[in-house]
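Colleague: These protein sequence lines map, in sequence, to chains X and E. So that you can map any letter, position 22 of the first sequence is 5 in the working numbering, and since no number is skipped, the others follow by simple counting. So that you can map any letter, position 335 of the second sequence is 343 in the working numbering, and since no number is skipped, the others follow by simple counting.
Fair warning: there could be bad hints in the mix.
[To be verified] Computed list of lysine-lysine pairs in DSS-like fashion (alpha-carbon distance at most 27 Å, straight line):
hint	chain 1	residue 1	chain 2	residue 2
1	X	Lys316	E	Lys12
2	E	Lys211	X	Lys316
3	X	Lys316	E	Lys11
4	E	Lys179	X	Lys387
5	X	Lys373	X	Lys327
6	E	Lys211	X	Lys355
7	E	Lys265	X	Lys387
8	X	Lys316	X	Lys239
9	X	Lys327	X	Lys387
10	X	Lys327	E	Lys211
11	E	Lys211	X	Lys373
12	X	Lys373	X	Lys316
13	E	Lys11	X	Lys355
14	X	Lys327	E	Lys235
[Stated by the list, open to error] Some chain X residues judged to face chain E by a derived CB distance under 7 Å, without partners named:
hint	residue
15	Val53
16	Asn333
17	Thr343
No lab work stands behind these hints: they were computed from the structure. Ideal Cβ placement from N, Cα and C applies to all residues, glycine included.
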Amino acid sequence: MDDLILMKDIVKVYPPSVVAVDDVSVSFRVGEIHAVVGENGAGKSTLMKVLYGLVPRDAGEIVYRGKPVVFHNPGEAIAAGIGMVHQEILLIPEYTVWQNIVLGVEPAASFDRLDREKARHLVKEKIDEFQFNLNPDALVGDISVAARQKVEILKLLYRNVSVLILDEPTAVLTPQEIPQLFSELHRLRDDGHTILFISHRLEEVLELSDRITVMRRGRKVDTVEVGTTNKEELARLMVGRNVIFTSRRKEHTPGKAVFRVHDLTYVDAEGRQRLHSIHLEVRSGEIVGVAGVEGNGQYELVNSITGLIEPSSGTISVNGSDITRAPILERRKLISIVPQDRGKMGASVNASIMENAIMTHHRLDSRFSLWKGLLLNYNQARTFTDELEKRFAVVMAARDNLFKSLSGGNQQKVILGRELMLPSPFVLLDQPTRGLDVGSIEYVHEQMLQMQAEGRAVLLISADLEELFLIADRIVVLYRGEIVADLPIENASVEEVGYLMLEGRGLQRDGQKAS
Amino acid sequence: MAKKLLSGITGICIALLIGAGMMLAQGYDPIATYQALFQFSLFGLSPLATTFKNSVPLVLTGLSASVAFASGVVNLGQPGQLVMGGLLATLGGLYLELPALLLVPIMILLAMLGGALWAGVAAFLRRAFNMSEFISTLMLNMIADFFTAWAIVGPFADRTANSPATLPIDKAGWLPEVGGFNLSVLFMLLAVAGIWFVFNRWKAGYEWRISGQNSLFARLGGCDINKNFVTVMLVTGALAGLAGGLVVMAGPHRFLKGLGANYAWDGIMIAIVAGNGLIATLLYGLFFSAIQTGALGMELITDVPSEISLVLQAVLVLVIVAGREYLSTTLDRLAARRKALAARHNPEGEFP
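Pulled out of the complex, with its shape left as it was, chain E reads as follows (with noise of 0.2 Å):
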């Protein structure tokens, strides 16, 4: 654990000091820069509540990649079900007459749906025609993509907006702020809390991690994979969907063109450099989203333009993935040295 922080904020520092490097080589001042951008983002409540509203989408999504590919599971659909969970919430909010207290609940469930009906189509395909979910999921990321681009041209096109859009969801179905937070961030720490309880206390969960590591010991020892496997789909498609339908219910509260962004590969991006941990992505997410938030304020007050922000993210998914494994070793082989030092040094001792 300690290691891991230690290997996580190193890798930060290095990337800061490249991306500074970069920004020299420019002719900017890499230190307003990063001031400028850390401003907007983190200090300050307000810019602290735009990080953490924003980091919703990019959390759910890693969380639902980290949680499949830790199970073994290669779910790469979270794209598609974004936005099928954010189509179908936003159907709810459309269509549904319900006081907040009943439609705020009711959207959050079927945008979980929206998500793990769609995966549940992957998981079918594996089940039913052996079909490898890596390619069904892609796949599916574009019919999804496309379907809702119909969707919010045909049939529930709003007529008078300019751009492909629904029209605005109920009142009732907006995500108030308390106390200046996005009460999206809420169900969103609850949904950490949740998928992190069941991972690593349910029986399922403590299946899930061994299929994960060893499928063959999992299935020999008892353990139903392919149930585990269908639940995993289910379970990380509603995580993706749930990020569509809070991007929707905390944002523009109806379905636009574009809606899902590139929210969803973020994600999948943050589980790889969170090497699939749960906490690690939480983590990681709110530092991307900070990155990105404070980008589009930095550019307001500096010459920099915010595409540094997606330098400054390729410089740290490179070095902390290269550096992770890097680090880990250096560090065991120091512990080595010492070691083999020790033993030298105390010939007779017993070595525990």
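Bound-form chain X, shown alone (with noise of 0.2 Å):
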């Protein structure tokens, strides 16, 4: 097969110095599915967004059909023919689907009017021709996440694209929903598209793709046929070394009651109510999990708990003491929280890791006190950035740097090890594991499994069945503000908690009316 995309001796730094890609050379075939894949940070984005013109590159050359080329901006690679769609879904909710889709490019009729009739077919016609099951003039707010990604990957077709860029297309499908995109895919590249896909979820990549590029940190490893290969051997080039995959429970007896949720309702600001009546026991040594598509009351459930939200009546208590309207300070004596959004959340990006590593701790912990508390002790708080920095084993060239500094996997070690040197008897975890790569998923992991060993009741709200299953002792399914299902894990199986999930009742409970 022809070589469509040559990528040659590809550096990007990103500034001051952060090697991103490092020398790449890859070559992408026509008509072929090439995934990259890599841990987070191993520069497989960054490849792509240089060959998309969205980042420039610092030294290396594109060829293209022959050519060399230099695309300034994703303009000049769309005008020929590359295109990516991104992440995170940039439409219009408020514009239907084929207005996305024209956004831009609009077939003009006389005095530089939108010809919107015209506009309507030509969408049609390229939903018909690719057999993308989708309604020209559905809302986009209204349709569900996979059908927007349908529409962004359309938005390239109908203009002309040839080679797609996906990255992490299938991060915010859920399990149901991946089957339809991957036949999508497929039926492009048997129409002679070639297919970009960012991933690190081997599974999907070994069904999916053709030839696989393996890189890490910033270097390609390998690029290899799908033939040729299995998961085990890609995850041991992405990471360097052997990753277990196995369920990573051990067998053990849960202790007294920690954490207690009784009979708790939020009803926001607009008067929609946003959990009903929610009851939940975490054990000591028990990791609960959280199943639920997002949006399902996890946000509400979880900021009741820190104290961000007050719910509207029950009650929240942690070792008897109810929490319910307590300050923050008081339930952080009791609760470690790693939230969901380490720069929003967990962390102050602009601030140095020291910085970072003892919030909370700095109103706890008596050691960081002088002058009777209205002083900080910076010796102190240097002595407790390196112990972090040595039990959770986090890489990083000075605690005085900047917390951005530092690679997502380490800001997570950071956020993580801060939280569990806290004394406090339960632990929530919000998506700790969301954008990781495979080997710092895996050390969050261990660390939970640790604080199971540790006595602490575990409460883990994840997006990612996998994980759940993985580690969690119960899972309770989180479905419009109710908890729909309450399982131990040796009773669940993957497929009845996503069909809970999306439909809020049991497989076998079908005909069954949900409460």
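Dock chain one against chain two, each of which comes alone in its own frame, and use the hints as you go.
Modeller: Structure (structure tokens):
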């Protein structure tokens, strides 16, 4: 097969000194699905952004259709036939599907008016041509995430793009939606499109692609044919060592109830009921997983526990003390929190690593106090940060460097370390592995098992079913603000939980009305 | 730090060059003008002492704005807090009969109290009615302006004066000159040192800084951000009030109409130029004061109008603020280039 795109000796350095892509050469062939895999920070997204013209390269050459090219911006790349779908979907929810698709390249009628009929017709044609099951007149705000993703892809196809770059397209989909995306991508390939696919989910990559390029720490490790490799080999190439994929759970008996939610209800400012009479209990040494499609009450549940919102009724208690309306500092004596958004809630990215490490400790641990608590003991803060660095194997240049200079995995290690170094009996983890690479995920899981062994009660909110089944002792399913199932892990199957997440009722209970 | 210094000095040089170009275009001799400007502001003990004395209100209001902005509090009420502090200090100097050793510290405390109370009104409105301090501090500036104007023509007016003013304060409250420098400079430096210490060494300062960068993170970390907000308002109000008190005690020794001048707005501008850095605020405050002070002398011996100092200040602000980002991205990009080249020449080497 011919090389459609040849990237030669590409180097990209993010100022001042983060080498994101380090002398990478890779070729993409006409009509293949080519996966680029690697841990977070391996440079796969950056490499694709260099190709797409979103990020300027610092060295190297790109040959496209036999000619060296430089794309200064995505517009030039799209004009040449290369388009990219980003992880975050960038559409206008108030516009219909066809309006979103033609936006920017609208067919014009006289006086430069938008030719609505023609535009709609063209979009309809494209939908039919690629057999995308989409209604061109639906408002984007009303359609599912999977459908929005299709709109994004169609937007590029409408611009006659022949090379599609997809950045972790499955990250936003439910397990049930993934096969459809894959069959559409296969059809596009068979039509002669070339698809470059960024992912770190190995099963998907093996199922979908023809060839796989593995990156690690900015370098290309290898490009392999799908038929000649397997999951274990890929994982080894990605992280440079073997990763365990079997369940990490150990046999143990949980102790007394530590964390209790009783009849918790939350009605938001617009009068919508977000949480319906939630009952939840986590015992010491137990990991309870909360499954659910995002937006089904996880946010409200987490914020009621952390104290960012005040529940309408019900109680939350830890070790018997009621914290439902306690100030946040009081809660923090009992609860460790690993929030879902590292940059927004978990850390201050423009502060130093040390300043991030000592948060909360500076109030709760008297060793940080000087002059009766007026002064912060910076000597102790330094010692503490070094201790955290060692205990949680954080890779960092200096504790006074900015937090944002750390890689995603190391940022999470600092946050996790800070929270676990609090002596709290209850740990709340909200999507603790989101956006992390395989190695870091494994590390976070290990730490969770460690918490469990220490006898802490752990509540894990996760959109990743695989993770819940790997780690949790019990899974509760949140659906429209209600707990619709509470299953010991031995009695639960991925399919059933997936179905519960989407439908709010179990497979075997079909026909019965959900309460 | 070195980068900030470099970008500051480059900015000042470029601004002076642009200013020179403007003077040339008007037919003035830029070298002679600059010489006169700095002769009357920096060269020699007396010009330097004047520059320092004039910098007091600029630096203190600038410090007030820097601390507020860096803590995520939009206190734009320095003009009002300055005059309220100045008025309260003046009242102390008018009605208290005490020896200097007691009166000076009491007047200084009164000045800080005046500013803090005025800022406290905005803090209260925010806490009680969730009213944005951005608006309320601006509006309170007007009220303070008219309130002090009324006070000096009404109850505390000096009926013998030609323009609205209070009577002179008790001599014991006059700040003396020590070695040519007015004592207010010492109080300013003490305030800079004190607030630096609070901001960088106290637990409260740590929480203010983190809240300024990411208040949600601070809140979730257990910081009482409401209490911190009120404290920052009171402290920054006190700093602006102190500026007003020191102006009265060092200069006219009474509260005159227009006492606040543009000090506080210049101070806010200085805070922005300094990127909310405390030491940078002190340095830029001194530099702006040098330009303002020198401009008056310059007018005496050259034909150049003193308004050129306003032009220079405006150019400085534009060049430094615009140049800061540009310079730092350029430096970063140069470093990235070097790194890329090194990576290519040494493809097997591990990157750090």
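Colleague: It remains to establish, for every hint, whether it holds in the given structure.
Modeller: Hints, verified against the model:
1. At most 27 Å may separate the alpha-carbon atoms for a hinted pair to count; Lys316 of chain X and Lys12 of chain E exceed this at roughly 40 Å.
2. A distance of roughly 18 Å separates the Cα atoms of Lys211 of chain E and Lys316 of chain X; the hinted pair therefore holds under the 27 Å criterion.
3. A C-alpha spacing of about 41 Å is found between Lys316 of chain X and Lys11 of chain E, which places the hinted pair above 27 Å, so the restraint is violated.
4. The straight-line distance between the Cα atoms of Lys179 of chain E and Lys387 of chain X is roughly 56 Å, outside the 27 Å bound, and the hint therefore fails.
5. At roughly 25 Å between alpha-carbon atoms, Lys373 of chain X and Lys327 of chain X fall within 27 Å of each other, so this suggested pair holds.
6. This hinted pair checks out: Lys211 of chain E and Lys355 of chain X have alpha carbons roughly 11 Å apart, not beyond 27 Å.
7. Distance hint between Lys265 of chain E and Lys387 of chain X is unfulfilled; the C-alpha atoms sit about 50 Å from each other, more than 27 Å.
8. Between Lys316 of chain X and Lys239 of chain X, the direct Cα distance comes to roughly 19 Å. Compliance with the 27 Å bound is thereby established for this hinted pair.
9. Only pairs whose Cα atoms come within 27 Å are accepted, and Lys327 of chain X paired with Lys387 of chain X is accepted, the gap being roughly 12 Å.
10. Between the alpha carbons of Lys327 of chain X and Lys211 of chain E the distance comes to roughly 22 Å, so the proposed pair stays at or under 27 Å and holds.
11. Restraint check for Lys211 of chain E and Lys373 of chain X: the C-alpha separation of about 25 Å stays at or below 27 Å, so the hint holds.
12. With a C-alpha separation of about 24 Å, the suggested pairing of Lys373 of chain X with Lys316 of chain X holds against the 27 Å cut-off.
13. Between Lys11 of chain E and Lys355 of chain X the CA atoms are separated by roughly 37 Å; this puts the pair beyond 27 Å, and the hint is violated.
14. Of the pairs offered as hints, the one joining Lys327 of chain X and Lys235 of chain E holds, with about 21 Å between alpha carbons and a cut-off of 27 Å not exceeded.
15. Because the beta carbon of Val53 of chain X sits about 15 Å from the nearest beta carbon in chain E, more than 7 Å, this interface hint is broken.
16. With 7 Å as the threshold, the beta carbon of Asn333 of chain X comes within range of chain E, its nearest partner Cβ sitting at about 5 Å, so the hint holds.
17. Of the supplied interface hints, the one on Thr343 of chain X holds, with its beta-carbon coming within about 5 Å of a beta-carbon of chain E, less than 7 Å.
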